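Trainee: Protein chains in written order, with our numbering: chain A, 1 to 236; chain B, 237 to 527.
Be aware that a few hints might be false.
[Stated by the list, open to error] Straight-line alpha carbon distances no greater than 20 Å define the calculated DMTMM-like cross-link-like pairs of lysine to aspartate or glutamate that follow:
(1) Lys180(A) <-> Glu118(A)
(2) Lys381(B) <-> Asp170(A)
(3) Lys381(B) <-> Asp95(A)
(4) Lys381(B) <-> Asp90(A)
(5) Lys433(B) <-> Asp341(B)
(6) Lys381(B) <-> Asp128(A)
(7) Lys180(A) <-> Glu198(A)
(8) Lys433(B) <-> Asp354(B)
(9) Lys180(A) <-> Asp170(A)
(10) Lys433(B) <-> Glu240(B)
(11) Lys222(A) <-> Glu198(A)
(12) Lys381(B) <-> Asp395(B)
[Unchecked claim] If you want a taste of the chain A side facing chain B, the calculated C-beta under 10 Å gives, among others:
(13) Pro26
(14) Ile78
(15) Leu87
(16) Asn96
(17) Arg146
(18) Ala147
(19) Met149
(20) Arg153
Because the hints were derived from the structure by calculation, they are not lab data. Fair warning: this is a prediction, and the values are worked out from it, not measured in the lab. Idealized CB from N, CA, C, for every residue including glycine.
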Amino acid sequence: MLRLTELSAGYGAFTAVHGLSLAVAPASVFALVGANGAGKSSTIMAIAGHVTVQGGQVELDGQDITALPVARRVSRGIALVPEGRRLFGDLSVRDNLMIGGYARPRRDEAENRARVIEMFPRLGERLDQAAGTLSGGEQQMLAIGRALMARPRLLMVDEVSLGLMPAAIDVCYAAIRRLKEAGVSVLLVEQSTARALEIADRVCVLESGRAVWQGSAEEARKDPAMIEAYMGLAKV
Amino acid sequence: MEYEITLMTLAGIAVIAALGLNLITGFCGQISLGHAAFYGAGAYGAAMLTTNGVSFWLALPAGALVAGALGLVVGLASLRVRHDFLAITTMGVGFLFIGVVRQQDALGGEMGIYAIPDPGLGRLGYMVLVVVLAGLVAAFSLYLKRSWMGFAFDAIADDEDTALMVGIDVARYKLAAFAMGTAIAGVAGVLYAHEIKYIGPDSFGFPESIAMLAMVAVGGIGSVGGVAFAAVVMTVLPHWLQVVAEYKLLLYGALLFAVMRFSPGGLAGLVRSWRTRAGGFRIAATGKVEP
Ligand SMILES: Nc1ncnc2c1ncn2[C@@H]1O[C@H](COP(=O)(O)OP(=O)(O)OP(=O)(O)O)[C@@H](O)[C@H]1O
Ligand SMILES: [Mg+2]
Numbered sequence: 001m002l003r004l005t006e007l008s009a010g011y012g013a014f015t016a017v018h019g020l021s022l023a024v025a026p027a028s029v030f031a032l033v034g035a036n037g038a039g040k041s042s043t044i045m046a047i048a049g050h051v052t053v054q055g056g057q058v059e060l061d062g063q064d065i066t067a068l069p070v071a072r073r074v075s076r077g078i079a080l081v082p083e084g085r086r087l088f089g090d091l092s093v094r095d096n097l098m099i100g101g102y103a104r105p106r107r108d109e110a111e112n113r114a115r116v117i118e119m120f121p122r123l124g125e126r127l128d129q130a131a132g133t134l135s136g137g138e139q140q141m142l143a144i145g146r147a148l149m150a151r152p153r154l155l156m157v158d159e160v161s162l163g164l165m166p167a168a169i170d171v172c173y174a175a176i177r178r179l180k181e182a183g184v185s186v187l188l189v190e191q192s193t194a195r196a197l198e199i200a201d202r203v204c205v206l207e208s209g210r211a212v213w214q215g216s217a218e219e220a221r222k223d224p225a226m227i228e229a230y231m232g233l234a235k236v
Numbered sequence: 237m238e239y240e241i242t243l244m245t246l247a248g249i250a251v252i253a254a255l256g257l258n259l260i261t262g263f264c265g266q267i268s269l270g271h272a273a274f275y276g277a278g279a280y281g282a283a284m285l286t287t288n289g290v291s292f293w294l295a296l297p298a299g300a301l302v303a304g305a306l307g308l309v310v311g312l313a314s315l316r317v318r319h320d321f322l323a324i325t326t327m328g329v330g331f332l333f334i335g336v337v338r339q340q341d342a343l344g345g346e347m348g349i350y351a352i353p354d355p356g357l358g359r360l361g362y363m364v365l366v367v368v369l370a371g372l373v374a375a376f377s378l379y380l381k382r383s384w385m386g387f388a389f390d391a392i393a394d395d396e397d398t399a400l401m402v403g404i405d406v407a408r409y410k411l412a413a414f415a416m417g418t419a420i421a422g423v424a425g426v427l428y429a430h431e432i433k434y435i436g437p438d439s440f441g442f443p444e445s446i447a448m449l450a451m452v453a454v455g456g457i458g459s460v461g462g463v464a465f466a467a468v469v470m471t472v473l474p475h476w477l478q479v480v481a482e483y484k485l486l487l488y489g490a491l492l493f494a495v496m497r498f499s500p501g502g503l504a505g506l507v508r509s510w511r512t513r514a515g516g517f518r519i520a521a522t523g524k525v526e527p
């Protein structure tokens, strides 16, 4: 459903992603892993249209979207949970959700919100609270919920697990599993390969903006070199 | 009575101008230190027409159009600047406007334009027109606030980059805010010109821009009722108290600073926090009564 061909992207003269090719299958979870500064965020921000593409191509369902404006990508079904959550801190949970559904007809809002609350009941209890005063876990739920309000077909999540306790991560991962079952494709950015392998169908390891390993999750679990290099002490 | 009518008319005009700025600064979060330029553009545009025999009723929308078009251009030019830089840019626009007007003999130069014809509604009739228009602008503001566009403005005011990430066409909404807000300022300018019957470069200078921004800040960024209330009080007060008139710029500047520093929500914010606090007490009180 999403295909990158020889994608290069960066900031001004600096290139953060070098000739990256990958394909995310429909209703699957694709994990992009790597160390700090590997270019994970740059990759998904380029797909979302926020980082300049310097070469190569981004295709969604076979259509070239490399030059499409951001708003059009959202209405085509790409939603983003950005790094650091980036909620509208002064606005209520309700308003954050509403704004997330901006690209969809307003009459669908109540239904979309009900779906999000069903997934994250905690948000339903806090609809009128300012987003900035939520706990870290609740904020991450809201960040995902806000993206889901756009009814995406491709959800890109940048580091769900960052700063969360295992229980909160489990809630978010369970949501991602459910989305996959509902037919949504998920492009997941994670620093920890071990965590990503819990839910990923496919993994790509980035190093200095280049893909150094790519394959299915089973292969990753079996490949000793991969385990050695990227999963460190967490040997299975 | 005559005096009260004049005061009421001027207050209504201030409400319109301040609510226009409130769309840009309050709703959409884009600071403007040059709002008087658009107020002036409307006034000059309409005065040029009516002094040449065009009907006031045509000049009114024409003034709004001139100001709104200018606002759109300034908005386009300011799309890439934010925060303090936007403040400086809009301030520059204000000075540029005054500079250009002073140099243009066609616009009356230093002398300004006088003998602006009376719209012929009578003092009271004109006041009613102003008050009705102020009410319409307030109603429009309230409607806008609850609309889809209002939510997009909220998002942009809160965090522009994130607004872009959720797919909001930030540039388009900023331009819309600028165009609407400045067109409304233009309406206020037309009304002002035909109330005072004289306009000159000094009628639309930096002090006026500061006064308008102070009205928006004191009233509570974004709050329609608060801003309207502040605009009325801050227009009427200098006429009642000589001291306020003499030190207007100083006072309003200090007020602007004090609000930003001590109560960023303005009057509306104070009332809100006071209300929540009162509510808190009530809960505490009932808690005590019940064993
Ligand atoms: N706005 C920017 N301007 C210039 N360079 C940037 C910018 N954002 C990121 N970079 C650079 O691009 C490279 C890749 O950064 P990126 O944020 O994509 O890494 P990452 O894999 O997401 O890292 P992390 O795990 O720390 O989030 C880094 O060298 C970084 O310094
Ligand atoms: Mg990152």
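Trainee: Indicate, hint by hint, whether the structure satisfies it.
Mentor: Against the structure, the hints:
{"no.": "1", "hint": "Lys180(A) <-> Glu118(A)", "result": "holds (16 Å)"}
{"no.": "2", "hint": "Lys381(B) <-> Asp170(A)", "result": "violated (38 Å)"}
{"no.": "3", "hint": "Lys381(B) <-> Asp95(A)", "result": "holds (12 Å)"}
{"no.": "4", "hint": "Lys381(B) <-> Asp90(A)", "result": "holds (16 Å)"}
{"no.": "5", "hint": "Lys433(B) <-> Asp341(B)", "result": "holds (18 Å)"}
{"no.": "6", "hint": "Lys381(B) <-> Asp128(A)", "result": "holds (17 Å)"}
{"no.": "7", "hint": "Lys180(A) <-> Glu198(A)", "result": "holds (14 Å)"}
{"no.": "8", "hint": "Lys433(B) <-> Asp354(B)", "result": "holds (7 Å)"}
{"no.": "9", "hint": "Lys180(A) <-> Asp170(A)", "result": "holds (15 Å)"}
{"no.": "10", "hint": "Lys433(B) <-> Glu240(B)", "result": "holds (18 Å)"}
{"no.": "11", "hint": "Lys222(A) <-> Glu198(A)", "result": "holds (14 Å)"}
{"no.": "12", "hint": "Lys381(B) <-> Asp395(B)", "result": "holds (17 Å)"}
{"no.": "13", "hint": "Pro26", "result": "violated (22 Å)"}
{"no.": "14", "hint": "Ile78", "result": "holds (9 Å)"}
{"no.": "15", "hint": "Leu87", "result": "holds (8 Å)"}
{"no.": "16", "hint": "Asn96", "result": "holds (9 Å)"}
{"no.": "17", "hint": "Arg146", "result": "holds (7 Å)"}
{"no.": "18", "hint": "Ala147", "result": "holds (8 Å)"}
{"no.": "19", "hint": "Met149", "result": "holds (9 Å)"}
{"no.": "20", "hint": "Arg153", "result": "violated (14 Å)"}
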